[in-house]
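Engineer: Here is how the chains run, residue by residue.
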Amino acid sequence: MSGIGKVQDCGTKGRMDTNDSLRVASLWHSMHAISQQLSPVNGCSGIELLQADTFDLHCFQSLPGTKFFVVCEPGTPHMESLLRYIYELYTDYVLKNPFYEIEMPIRCELFDINLSQAVLSDRVALLGR
Amino acid sequence: MIGVGKMKQYSNVLDKPLSKGKQEVSLSAFAFLFSELVQYNQTQVDNIAELERRLEDAGYAVGSRVLELLCNREKGNRRETRLLGILSFVHSTVWKVLFGKVADSLEKGTEHEDEYMISEKELLVNRFISIPKDMGTFNCGAFVAGIVKGVLDNAGFPAVVTAHFVPIEGQQRPRTTILIKFADEVSISTSLYMIYLYLEKLNLSPGLPTSIHAAQVLKREARLSQ
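From first to last, the protein sequence lines are chains A and B.
The numbering used here puts the first residue of the first sequence at 1, with every later residue one more than the last.
The numbering used here puts the first residue of the second sequence at 1, with every later residue one more than the last.
Rather than coming from a laboratory, the hints here were simulated on the basis of the structure.
Certain hints may be false.
Lysine to aspartate or glutamate pairs mimicking EDC-like chemistry, simulated, CA-CA at most 16 angstroms apart [unchecked claim]:
(1) B:K101 - B:E122
(2) B:K133 - A:E103
(3) B:K133 - A:D112
(4) B:K101 - B:E24
(5) A:K67 - A:E103
(6) B:K181 - B:E122
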């Protein structure tokens, strides 16, 4: 899984520019893979939650291995269900779109619209650092 | 087929009535299939107009079959002979069977005589599709336009059918309009049919009027009835 599909910055607290976002995404991809190897127990599926003092990072991995992660303020509730909902939006508005090429950046209007609505309606402050 | 009591046993499988089949299909399955149809056709063409044409042709095949099927199932093999009849057939029956609901609206065009419009807030086939900006006004609803064309052509009402996005004030997503422009033969045959009905009312012999005499009779009757 080498493509980085989409980074949405909905933050009110901080902003991440495109380069930073790409850096975080590729760094996260490698960390996720390493963590699967590091685990003392077999059958580890990778990092699900990273807690730092200024932010939380929740990660959701789908069956084919596509990773969705959200960076938010520490202690924000319901991030898992948000990620699952975003995955649903992905399967609907991206994968069923004939004009989307796999592994390319996502430029689907319907996906963007619904993603913004989902984030706004949750009233979450996403922190980018 | 509503079964009351035991199912009838048929000795010959050909005697069994045709079942209505499953009325519903998974939306996701259809969406993936339609997406593949569009993607496949994209590889076969050089430009957008050709892609639209191909989607229309694919829809045309569906339309002609749907007309046969529905005439048999819903209308008892009766043929529709009136323009408004076939339009409301498309707007209600065909839409209900294909998309699970009747179309949002059916309107007559204001600019031209033979133009009609079926509008939908969002076509089912377009539900998950976002058109990239560089494709301009392309609409995958060309497939649905093809279906309508297939129905109309095979019912004896040849028409040019196209699908358009219509932006609406205050709404983010545009509505879709299926524009139906009937060929000249349709308006001529419609007028002839009206004359035929009128003559029948006057108890003149049936058959399409071709003589000047018939036209004179009509004129006289019109003057007398004023």
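Engineer: With reference to the structure, classify each hint as holding or not holding.
Structural biologist: Verification of the hints:
no.: 1; hint: B:K101 - B:E122; result: holds (12 angstroms)
no.: 2; hint: B:K133 - A:E103; result: violated (19 angstroms)
no.: 3; hint: B:K133 - A:D112; result: holds (14 angstroms)
no.: 4; hint: B:K101 - B:E24; result: holds (12 angstroms)
no.: 5; hint: A:K67 - A:E103; result: holds (12 angstroms)
no.: 6; hint: B:K181 - B:E122; result: violated (21 angstroms)
Consistency note: the structure conflicts with the earlier hints numbered 2 and 6.
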